Amino acid sequence: MIAIRLLVDGAVVREGVFREGSALIGRGPESDFPVVDPSVSRRHARVRTDEVGAVWIEDAGSRNGLRTGSGRVERAAVPAGGTLRCWLGAVELELAVAGADATVEIAAPAASAHGAVRALKALALWAAGIAAWAGLILIDPGFWSPWEQDRLAKFSWVALTVSVFLPVVAFVLIGLLRIVGRRAPVGDALRALAVVSWGWVLLVLLDSAASYALRVPAHAMLEAVLRNGGAIVTIAYLASVGRAGRGRRFFAVWAAAVAVLLVGFNAAGRLAARQAGTPQLDYDLGVPIGGGTGPASGLDAYLEGVRADFTVAEQRAEEDRPTSHSAPP
Amino acid sequence: MRDRWLPLALAGALLPTAGSAEDGRAHEAAFERFKDSVVTVEVLPLAGEAKSVLGSGWAVADRRIVTNYHVVGSFIQHPDRYGLRVKNGRGTFAAKLVAFDLINDLALLEAPVPSAPLRLAGDPGRPGAPLIAFGNPEGLGLSLVEGVFNGFAEKGFIDRMLLSMPLNSGMSGGPILSARNEVVGTNVAVSWRSNSLSFGVPVSAVHALLLAAPVAATEEGLSADVNRQLAVLEQRAFARAIEPLLQGTGTLMAVGGALVPRPPDAFECWNQTQMEAREEVRKTSFNCNLQFTPTLEEVGEVASIEILVEHFATRTSGFGFYGGLAKHAPQHVGVQARPPGNGVLSPPECRADRVRTDHLVWKVNACSYAYVHHPGLGYFALTATSVSRPREAAYLALHGRGVGASTFLSLSRALLKEIRLAGAP
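Chains as they are written, first to last, in the working numbering: chain A, 1 to 329; chain B, 1 to 425.
It is possible that some hints are incorrect.
As the list claims (entries may be wrong) - Partial list, derived from the structure: chain B residues whose beta carbon lies under 10 Å from chain A:
| no. | residue |
| --- | --- |
| 1 | Pro114 |
| 2 | Ala231 |
| 3 | Gly323 |
| 4 | Ala329 |
| 5 | Pro330 |
| 6 | Pro348 |
| 7 | Cys350 |
| 8 | Tyr369 |
| 9 | Pro375 |
| 10 | Arg413 |
| 11 | Leu416 |
To be verified - Which bits of chain A does chain B cover? Going by a derived footprint, with three or more residues having C-beta under 8 Å, they are:
| no. | region |
| --- | --- |
| 12 | 28 to 36 |
| 13 | 214 to 223 |
| 14 | 278 to 284 |
| 15 | 296 to 310 |
To be verified - Computed list of lysine-lysine pairs in DSSO-like fashion (alpha-carbon distance at most 27 Å, straight line):
| no. | chain 1 | residue 1 | chain 2 | residue 2 |
| --- | --- | --- | --- | --- |
| 16 | B | Lys155 | B | Lys96 |
| 17 | B | Lys51 | B | Lys87 |
| 18 | B | Lys96 | B | Lys35 |
| 19 | A | Lys154 | B | Lys327 |
| 20 | B | Lys283 | B | Lys327 |
| 21 | A | Lys154 | B | Lys283 |
Quick caveat, the hints were computed from the structure, so don't treat them as lab data. Predicted, not measured: the structure shown is a model, and the values here were computed from it. In this text, a Cβ means the ideal position worked out from N, Cα and C, and glycines have one as well.
Please work from the sequences and hints to get the whole structure.
Written as structure tokens, this is what we have:
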């Protein structure tokens with residue numbers, strides 16, 4: 001006996017039990033186990049028992065494929081007496097095989113209790129996201145400046161903005177994922193945003209610590225790496241939200257694409273700054289906690305550097321200088 | 001207090017301002033005697049919409065007229081775009097540039113004006129001596145102004161007669177005469193926002209100008225001459241404004257809780273302390289600049305140096321203190337984008353680093369721009385914030401316009417090396 005169970009957020013919401021032979025799963029009317037979802041093909045997969053009695057699920061030529069924990073597969077065996085979790089597009093199924101006389105227990109959907117838990121979880125994730133942003137403000141030295149007029153107002157304003165902004169971003173993310181045919185629950189989107197926000201808190205802390213430890217040019221380089229790396233991981237991570245399998249390749253391809261894009265943007269930005277003659281200044285002072293100021297160069301070495309800069313400026317002025325006027329007749 | 005003094009040439013539109021003249025029989029006689037020796041100098045664009053400039057001048061010898069460099073500055077920059085003209089009651093005459101002295105702000109013209117040359121005094125006389133000055137204020141007509149010679153201005157590295165007299169725009173280049181009817185100087189500038197405080201170029205500079213070799217009136221020739229004079233000016237700025245600091249005997253002065261080398265006498269300085277009570281920050285500022293630095297067309301001031309030292313102290317946490325200072329640091333930098341090909345300055349080349357001296361660790365930003373038409377000179381801006389102590393910081397902003405790299409770097413070194421914080425950390 002074969003049981004096919006439709007799962008939503010890990011809970012069984014529907015079960016079909018088949019005695020033998022094969023069962024077709026899909027969006028089409030001829031399906032034995034119909035699943036109505038845009039990510040599921042009309043004829044998506046087939047469950048059958050082979051000559052030796054093993055139960056298999058096979059891709060029936062679907063668009064979005066059949067995936068198990070190990071990625072996209074053509075077919076997968078259901079262990080005798082056990083279960084197999086798999087995904088048809090964005091839909092999760094569980095297959096179970098039991099003896100002919102065994103009774104297959106239908107797990108109760110328990111929809112109401114599950115909904116409350118889900119709502120609480122989403123709320124907790126939302127709060128975690130807000131907490132991360134509050135943390136980002138609190139670790140900004142500028143927030144604690146004696147010149148800062150009204151900390152409470154500033155803090156409240158940011159907390160309020162983020163609390164509205166986070167769900168909006170979550171829904172935008174869900175909408176974008178739906179366009180590519182992927183279903184992501186609100187909880188997943190909020191979790192991803194919270195994880196990303198806390199990731200940035202860590203990056204900022206790391207950056208501040210590095211500003212003590214490193215020379216200014218080295219720190220500037222590290223800062224660029226952290227900023228761009230953070231952006232790459234953030235975007236690739238958000239793009240992976242709601243994916244059934246933990247596709248490493250998917251993540252890597254996204255990260256590579258974003259990296260290429262960022263490198264392009266950075267190069268274009270540098271070129272534009274050079275074209276516009278924008279001064280490149282760095283006002284980050286760091287914080288002399290306990291008198292620590294970080295490694296520094298000598299005064300003479302720095303001023304010699306300024307002299308070298310002026311030599312470069314002179315060369316650029318030279319390029320702009322009219323070479324010579326034509327002699328008057 | 002940059003821009004405290006104002007050249008007197010009248011550029012572009014005429015502004016309504018009253019001229020002034022005192023009654024008196026002596027003045028009537030002077031007016032009659034000198035009216036043909038004082039001329040109006042005009043710089044007229046040959047074509048296009050360039051500005052025209054109006055100033056005054058006076059006959060120093062047969063066919064020779066003295067005026068200010070800044071009156072004919074646009075002609076010197078672009079002799080192909082402008083024409084020179086002088087006029088008095090006897091007519092209007094085309095003029096030619098013979099020589100100029102941008103350091104003292106004088107120019108010598110040649111024009112066939114029928115006028116009796118004025119007699120030159122040997123020196124400007126003694127403080128308190130009565131003077132009269134002539135000029136054509138706002139182009140409204142020849143005017144006589146009465147005043148007193150007070151000696152020379154004590155600041156700056158260019159000699160300027162300090163005059164109590166109400167000179168006005170357009171009187172630039174007019175003569176200043178002693179009671180013996182001899183020229184003791186040439187009108188040059190007024191102090192902005194002051195009451196009747198004016199400046200003159202002493203007659204000694206005219207003596208030198210008369211001996212100068214005539215210039216070639218081509219753009220290349222004039223440009224070479226400008227650059228030669230700028231080099232001299234730069235050396236002089238270094239000698240008067242920087243060298244005393246380098247050879248300083250270690251005289252330090254307090255700026256709030258900071259100890260700072262005292263700037264040489266050539267600088268005009270002023271200071272200020274303010275307690276920002278609500279924010280619990282005490283800020284003390286000390287500003288210095290060089291007065292009477294010449295101004296070039298397009299480029300602006302040259303041999304100009306500005307020093308700003310500030311000291312900050314707070315009772316609140318150092319974490320927030322430095323967060324606030326990071327926002328303060330850009331305030332006095334004043335560097336801006338300069339796209340390549342702007343014809344005046346190169347794009348900026350900047351450098352940021354932490355720098356350690358014997359007394360402090362600084363976070364320093366420095367940008368340099370090179371002048372396109374004046375090789376060797378640049379515009380430099382340096383700002384530094386000390387990061388050695390959690391609740392106290394020194395801040396330094398230095399600007400050098402139209403100075404050489406060595407001048408600016410020597411000044412930067414002299415100040416950064418010596419500035420320290422006085423009290424216990």
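How the hints compare with the structure:
Annotation: interface hint on B:Pro114 violated; nearest CB of chain A at approximately 31 Å, more than 10 Å. Here the hint on B:Ala231 is broken, as its CB sits about 15 Å from the closest CB of chain A, past 10 Å. Because the closest C-beta pair between B:Gly323 and chain A is about 3 Å apart, less than 10 Å, the hint holds. Among the interface hints, the one on B:Ala329 holds; its C-beta lies about 5 Å from the nearest C-beta in chain A, closer than the 10 Å criterion.
Using the Cβ-Cβ criterion of 10 Å, the hint placing B:Pro330 at the interface with chain A is satisfied: the shortest such distance is roughly 5 Å. A cut of 10 Å between beta carbons decides the hint on B:Pro348: the least distance to chain A is about 4 Å, and the hint holds. Given the 10 Å rule on beta carbons, the hint for B:Cys350 holds: about 5 Å separates it from the nearest Cβ of chain A. The restraint placing B:Tyr369 at the interface with chain A holds, with a minimum CB-CB distance near 6 Å, inside the 10 Å limit.
For the restraint placing B:Pro375 at the interface with chain A, the shortest Cβ-Cβ distance is roughly 7 Å, inside the 10 Å limit, so the hint holds. Annotation: B:Arg413 was flagged as interfacial toward chain A, and the flag holds, the nearest CB pair being 6 Å apart, inside 10 Å. The interface hint given for B:Leu416 is met, as the beta carbon of that residue sits about 6 Å from the closest beta carbon of chain A, less than 10 Å. Counting residues of the region 28 to 36 of chain A whose beta carbon lies closer than 8 Å to any beta carbon of chain B gives 0, which falls short of the minimum of three for the stated coverage.
Counting residues of the region 214 to 223 of chain A whose CB lies closer than 8 Å to any CB of chain B gives 4, which reaches the minimum of 3, so the coverage claim holds. Counting residues of the region 278 to 284 of chain A whose CB lies closer than 8 Å to any CB of chain B gives 7, so the stated coverage by that chain holds, three being the minimum. Coverage of the region 296 to 310 of chain A by chain B holds in this model, with 12 residues showing a Cβ closer than 8 Å to a Cβ of that chain against a need of three. With a C-alpha separation of about 34 Å, the suggested pairing of B:Lys155 with B:Lys96 is violated against the 27 Å cut-off.
With a C-alpha separation of about 19 Å, the suggested pairing of B:Lys51 with B:Lys87 holds against the 27 Å cut-off. Of the pairs offered as hints, the one joining B:Lys96 and B:Lys35 holds, with about 22 Å between alpha carbons and a cut-off of 27 Å not exceeded. For the hint linking A:Lys154 to B:Lys327, the alpha-carbon distance of about 17 Å falls within 27 Å, and the restraint holds. As the CA atoms of B:Lys283 and B:Lys327 are separated by approximately 15 Å, the hinted pair is consistent with the 27 Å bound.
Restraint check: the Cα-Cα separation between A:Lys154 and B:Lys283 comes to about 25 Å, which is no more than 27 Å; the hinted pair holds.
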